[in-house]
Amino acid sequence: MPYILKYEDSPITREYEKIASQLEKLSEKSMRGTLRT
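Its first residue numbered 1, the sequence shown is counted upward by one per residue in UniProt numbering.
Do not rely on the hints blindly, as some may be mistaken.
Once the Cα atoms are required to be at most 20 Å apart in a straight line, the calculated EDC-like pairs of lysine to aspartate or glutamate come out as [unchecked claim]:
id, residue 1, residue 2
1, 18, 28
2, 25, 15
3, 29, 17
Note that these hints are calculated values from the structure, not bench results.
Assemble the whole structure, with the sequences as input and the hints as a guide.
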């Protein structure tokens, strides 16, 4: 979502980045789990 980049220093963007990174980690784990089975 490019429009968020306009507000780089806003707390909302920081929260979004945290959530995005957590989702990336979760998706990596679930992808690995599905690849194993």
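A quick look at each hint next to the structure:
| no. | hint | in the structure |
| --- | --- | --- |
| 1 | 18 to 28 | holds, 15 Å |
| 2 | 25 to 15 | holds, 15 Å |
| 3 | 29 to 17 | holds, 18 Å |
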